[in-house]
Amino acid sequence: MDNVNVLVVEDTPAESDALVKVLETNNYNVIAVARDFKNALQLFYAKSVDIIVLDIFLNGNPEGITFAEAINANPSVAKPFVFLTSSTDRKIFERAKLTQPFSYLMKPFNELEILYALEMAVEKFYNQPDVFLSENENTIISKDYLFIKKGKSLKKVLLNDIIFIEVEEKYCNIITENEKFVILISLTKISQLLDDNVFKKTHRNFIVNTQKIIEIIPGDNLIVLTGNHKATLSDTYKSILKTVRTLK
Amino acid sequence: MLLIIISHSCSLFSQEYINADLFDVEVEKKVNQYQSNYNFKKAGFYYIQNNWDSTLVYSMRYLNGNNKNIDLTNYSHYLRGCSFDKKEMLNEAQNEFQSITSGFEFNFLIKKKLAEIALKKSEFKKAISYLEPLIKLKEKDYKYFGKSAVFQNLGLCYLHLNDFKKAEPYLIEYVKFNEIEKDTLNLIDAYGSIANLYYNQYKDIMAIPYFEKAYRLSKSIKDFKAKQIATINMAVVEENRKNFEKALVYRKEYEQWKDSLNDQNKIYEVAKLEKEYAVKAKQKEVNFLKVENKAKLKERNGLLYSALTLLILLGVTLYFNKEKTKANNIISAQKEKLDALNVTKDKLFSIVSHDLRSSVNALKKSNTNLVNTVASKNLKEVNVLLKNNSTIVNGAYNLLDNLLNWALLQTKQSYFEITSIRLFFIVEQVVYNYKPLVQEKNIRLTNTVLKSDIVFADQESLKIILRNLLDNAIKFTNNNGTIKVYTKNSNSDYYDLVIEDSGIGMKDSTRIELLSDTELLSKKENEDIIGSGLGLQLCKSMIKKNNGIFSIESELGKGTKMIVSLPKKV
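Protein chains in written order, with UniProt numbering: chain V, 1 to 248; chain Z, 1 to 570.
Please note that a few of the clues may not be correct.
To be verified - To spell it out: a stretch of chain V is covered by chain Z in this simulated footprint if at least three of its residues, at any positions, have a beta carbon under 8 Å from a beta carbon of chain Z; those stretches are:
no., region
1, 37-47
2, 105-113
To be verified - With a straight-line cut-off of 30 Å between C-alpha atoms, the simulated DSS-like cross-links for lysine-lysine are:
no., chain 1, residue 1, chain 2, residue 2
3, Z, Lys86, Z, Lys140
4, V, Lys149, Z, Lys488
5, Z, Lys540, V, Lys91
6, V, Lys107, V, Lys149
7, V, Lys189, V, Lys170
8, Z, Lys569, Z, Lys347
9, Z, Lys387, V, Lys152
10, Z, Lys561, Z, Lys507
11, V, Lys152, Z, Lys568
12, V, Lys91, Z, Lys387
13, Z, Lys451, V, Lys143
14, Z, Lys412, V, Lys107
15, Z, Lys540, V, Lys107
16, Z, Lys569, V, Lys107
17, Z, Lys364, V, Lys124
18, Z, Lys568, V, Lys97
19, V, Lys149, Z, Lys451
20, Z, Lys488, V, Lys152
21, V, Lys189, Z, Lys568
22, V, Lys124, Z, Lys545
23, Z, Lys484, V, Lys91
24, V, Lys79, Z, Lys451
25, Z, Lys484, V, Lys150
26, Z, Lys544, V, Lys124
27, Z, Lys451, V, Lys180
28, V, Lys97, Z, Lys507
29, V, Lys170, Z, Lys488
30, Z, Lys568, V, Lys170
31, Z, Lys484, V, Lys107
32, Z, Lys364, V, Lys107
33, Z, Lys345, Z, Lys140
34, V, Lys124, V, Lys79
35, V, Lys149, Z, Lys568
36, Z, Lys545, Z, Lys337
37, Z, Lys435, V, Lys152
38, Z, Lys569, V, Lys97
39, V, Lys124, Z, Lys203
40, Z, Lys568, V, Lys124
Hints listed in this document are in silico derivations from the structure and should not be mistaken for laboratory results. On a predicted model such as this, the values are computed, not experimentally measured, just so you know. We put the CB at the ideal spot given by N, CA and C, even for glycine.
For reference, chain V alone in the conformation it holds in the complex:
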């Protein structure tokens, strides 16, 4: 599990310092603090950013909105962001609202509020609402990562690191090369959101990263995976053999 990378765009050092402190306390990885629009764009493209905290007013102008518009223009690089503002001026808000998905936080804010706002931004951006706030789920699946709520903060897991997933009722055991942990997510959702070509169901309770398969032993209904992990292959899902390149 990795910490989530946050880009802070805030022109007032006192405020950015407070913000960075809160984020780092809660295990977020603040990768950079940008002071203006240009700086922000540079850092955004230079670093691997998972989420942006964005002050609307940079040096007296609503450059924060301009930045949001700029990164939204290219959907392949777009990332979730949270607007920070000290005024609820309606006109500014109407404009900011056009940069969907829209998440904002009023200054001054406390720790809980900024954490909540970050979670909301991720939920909205990946269009999977009511995950972190509900008691039934705690994971959002993006193209590359799983974002998992752990305690007060968010963690991420690279999908490529996952060897297999074992479902137990409403829990899922995620097994990576180094870790094993439990997330809350429904099976239907996870099978919908994961890439079919990579993650295949081999059993009612197993989803396997096909890239991690080392050996399939059909006679024993067994799949051997990286790190000597073993998953079950049931008869219902034996069709997986056809899609896997096999030696004959």
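Guided by the hints, dock chain Z onto chain V, whose structure is given.
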């Protein structure tokens, strides 16, 4: 000689009116008898009307027509004769009378007419030839004209011919008739005639008594002409008798009568003129009245229209007046409301500024203390003072924040978006800020809102509401008290978010006052803890804007429940 001519000038015409009327009756009879004959009918009709010209026209039409009837032809000729006579066309009249055949039943009338014409033409012998047969008529025929007139005229004719012997018996007969009939005017005439007869024969002794008789009779009548003739006759007589004094008296009397006559004529003329003038004046008046009537009618119509117009105008005016009054009422109501609001605002400003001033003043004092304490390096005391300062600043900040939000709400400048909100997390976030305060007062604060409780509201305003309610709850709860935040799901449309404290509570009157719609709580019952009321006012307004309901349950000394009901659906 001159006397005679004057004296007999009245001659035949005195009885005209009798026989004319009688003859009219005969003509009418004829007309009725020959109804079908249009022209004769018309002629007869106009004859009776004394319209001579029309009579002549229609009788001529009759005579020129084919439908001949001897009787009607005679009548026609007679009517024409009469008409010509009246128009003084004597020859034509004579011709007409002479064309009447002998079978005509009023032959004697023709003779009379012819005699009259002859007399007028001074053809006395001819006149006598017409008159003489008239003496021996049947008694009934004399109703058309007086027998005495026949005698008179015969007498006069002979007199004119100077045949006194023949004249005398007729005139005496004439006098006798008039003495019997007691016709004074004719009697004077008769006396005058006979006197003239004798006088012309120089039989003065016989003449003078007649003259005197005539003169005496003339005294009792009003006919000026008769008086005149009688008087001048007397004057001439006296003159001839060389009795000039008397003659002069008579002359003067004569002049007087003459003048009287002239006067009378003048009076008649004047009267006539006056009459004409009066008629003209009357006509003028009538015309004037007509015009006036027209004008009046016009005026009346004008008045009617103007009255109508005025009425309509009045109606319109009344209508607009009513509208204006309505508008005025609305305006005055609005004005009252505005005034009340202004008063509230003023009050609010004074309270807020007072509070701020107190806060800053406290901070100032505290800072002075702090400086002194720092100088004495008493770090423990410094810490206490700083905490104190921070509390003061927090209070002031909250007040300012409310003030700002209130202003934004009033001017509708604030961003407002209703979204689905999980109540639990919002409560957690707001409660987080009060943790130090709660700990300080050792209050047990619990949030037992379910994570699954979702309401629809604007996030920021909901936070402001919760902040204020929590602030109040903490403020009014004593040390070691409890504050519980939870939801009641008793309604299908709303979640009731309850902030329950174990604080000092409030009286029911205060509760009602707090919930009342308009007024800010301005009473400061307790200097230390009761604020401006701006916070609650803001809560009420924002809850309303979020389509929510605000209610309070409280018991003095036991605690208060502030209940915010928020919709479950949009």
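A quick look at each hint next to the structure:
| no. | hint | result |
| --- | --- | --- |
| 1 | 37-47 | violated (count 0) |
| 2 | 105-113 | holds (count 5) |
| 3 | Z:Lys86 x Z:Lys140 | holds (26 Å) |
| 4 | V:Lys149 x Z:Lys488 | holds (29 Å) |
| 5 | Z:Lys540 x V:Lys91 | holds (25 Å) |
| 6 | V:Lys107 x V:Lys149 | holds (24 Å) |
| 7 | V:Lys189 x V:Lys170 | holds (11 Å) |
| 8 | Z:Lys569 x Z:Lys347 | violated (38 Å) |
| 9 | Z:Lys387 x V:Lys152 | holds (28 Å) |
| 10 | Z:Lys561 x Z:Lys507 | holds (13 Å) |
| 11 | V:Lys152 x Z:Lys568 | holds (27 Å) |
| 12 | V:Lys91 x Z:Lys387 | violated (39 Å) |
| 13 | Z:Lys451 x V:Lys143 | holds (28 Å) |
| 14 | Z:Lys412 x V:Lys107 | holds (20 Å) |
| 15 | Z:Lys540 x V:Lys107 | holds (23 Å) |
| 16 | Z:Lys569 x V:Lys107 | holds (28 Å) |
| 17 | Z:Lys364 x V:Lys124 | violated (47 Å) |
| 18 | Z:Lys568 x V:Lys97 | holds (24 Å) |
| 19 | V:Lys149 x Z:Lys451 | holds (15 Å) |
| 20 | Z:Lys488 x V:Lys152 | holds (27 Å) |
| 21 | V:Lys189 x Z:Lys568 | holds (26 Å) |
| 22 | V:Lys124 x Z:Lys545 | holds (26 Å) |
| 23 | Z:Lys484 x V:Lys91 | violated (38 Å) |
| 24 | V:Lys79 x Z:Lys451 | holds (27 Å) |
| 25 | Z:Lys484 x V:Lys150 | holds (27 Å) |
| 26 | Z:Lys544 x V:Lys124 | holds (28 Å) |
| 27 | Z:Lys451 x V:Lys180 | holds (28 Å) |
| 28 | V:Lys97 x Z:Lys507 | violated (45 Å) |
| 29 | V:Lys170 x Z:Lys488 | holds (29 Å) |
| 30 | Z:Lys568 x V:Lys170 | holds (27 Å) |
| 31 | Z:Lys484 x V:Lys107 | holds (27 Å) |
| 32 | Z:Lys364 x V:Lys107 | holds (27 Å) |
| 33 | Z:Lys345 x Z:Lys140 | violated (131 Å) |
| 34 | V:Lys124 x V:Lys79 | holds (11 Å) |
| 35 | V:Lys149 x Z:Lys568 | holds (27 Å) |
| 36 | Z:Lys545 x Z:Lys337 | holds (21 Å) |
| 37 | Z:Lys435 x V:Lys152 | holds (17 Å) |
| 38 | Z:Lys569 x V:Lys97 | holds (22 Å) |
| 39 | V:Lys124 x Z:Lys203 | violated (170 Å) |
| 40 | Z:Lys568 x V:Lys124 | holds (21 Å) |
Hint violations for this structure: numbers 1, 8, 12, 17, 23, 28, 33, 39, all remaining hints satisfied.
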